[in-house]
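Construct all of the structure, not just a fragment, from the sequences and the given hints.
Protein chains in written order, with my numbering: chain A, 1 to 114; chain B, 1 to 113.
Where hints are given, some of them may not hold.
[As the list claims (entries may be wrong)] Label pairs and their calculated CB-CB ranges:
| no. | chain 1 | residue 1 | chain 2 | residue 2 | range |
| --- | --- | --- | --- | --- | --- |
| 1 | B | A53 | A | R15 | 41 to 49 Å |
| 2 | A | S65 | B | Y39 | 28 to 36 Å |
| 3 | A | M95 | B | S58 | 39 to 47 Å |
| 4 | B | Y39 | A | P39 | 13 to 21 Å |
| 5 | A | R15 | B | P113 | 23 to 31 Å |
[Said to hold, decoys possible] Covered by chain A, according to a simulated footprint, are these stretches of chain B (three or more residues, beta-carbon under 8 Å):
| no. | region |
| --- | --- |
| 6 | 38 to 52 |
| 7 | 92 to 103 |
Worth flagging that the hints you see were computed from the coordinates, not collected in a lab. Glycine included, each C-beta is placed from N, C-alpha and C at the ideal position.
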Amino acid sequence: KAGVTQTPRYLIKTRGQQVTLSCSPISGHRSVSWYQQTPGQGLQFLFEYFSETQRNKGNFPGRFSGRQFSNSRSEMNVSTLELGDSALYLCASSMIAGSTGELFFGEGSRLTVL
Amino acid sequence: GDSVTQMEGPVTLSEEACLTINCTYTATGYPSLFWYVQYPGEGLQLLLKATKADDKGSNKGFEATYRKETTSFHLEKGSVQVSDSAVYFCALSLSYNTDKLIFGTGTRLQVFP
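In structure tokens, the structure reads:
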């Protein structure tokens, strides 16, 4: 079965712009979470959605937001981009949050902010 | 706060050598512990997990034992292969109803023939 699909895979933006990243979870998975991966900070939790509701949010400014649709697909948005937002953004899905502890990750969307 | 500390990499080994990647954690309560692996060009995938003290997780020849007394979850393999070259992440989860994981910084393993 198809894995977690993230689009776009690569994108370049300039400071002040906004960006939207998309994630399609594995079919049947209802929980989607997002992580930011940078060389300096490693992997940091952004937020988590289940049944279109945000269940948990990491320690990121309000410029970072997300949502989940009724088909479990999720999007995250970063507004007023800063240079420090350059990172690999990873989406992960699971059947039910925390049920087995196994997250299935996509390959990520690599964002470069100039 | 809650955190995971991993040994710095890269770890460079010859094929068939023994591997240990150290991982210690700080957490309130009783976390579940995980090792995830990221092969070049791929997403992270779960390697093994342990949900309570003294549990041993194992997969693909890798093992890790949840040691509550030393707050550790070291990853071990008796004989590494070139195909094991990847970045390994130790992580913890504090709740059964969340997918929020706290990751270590990752350890790159390079195995040479």
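Structure-based check of all given hints:
1. B/A53 <-> A/R15: 41 to 49 Å: holds (48 Å)
2. A/S65 <-> B/Y39: 28 to 36 Å: holds (31 Å)
3. A/M95 <-> B/S58: 39 to 47 Å: Violated, since A/M95 and B/S58 (Cβ atoms, about 23 Å apart) do not stay within the stated range.
4. B/Y39 <-> A/P39: 13 to 21 Å: holds (18 Å)
5. A/R15 <-> B/P113: 23 to 31 Å: Taking Cβ atoms as reference, A/R15 and B/P113 lie about 45 Å apart, which means the hint is violated.
6. 38 to 52: Since three or more residues must qualify, the claim that chain A covers the region 38 to 52 of chain B holds, with 8 doing so at under 8 Å.
7. 92 to 103: holds (count 10)
Against the hints set out earlier in the document, violations occur for numbers 3, 5.
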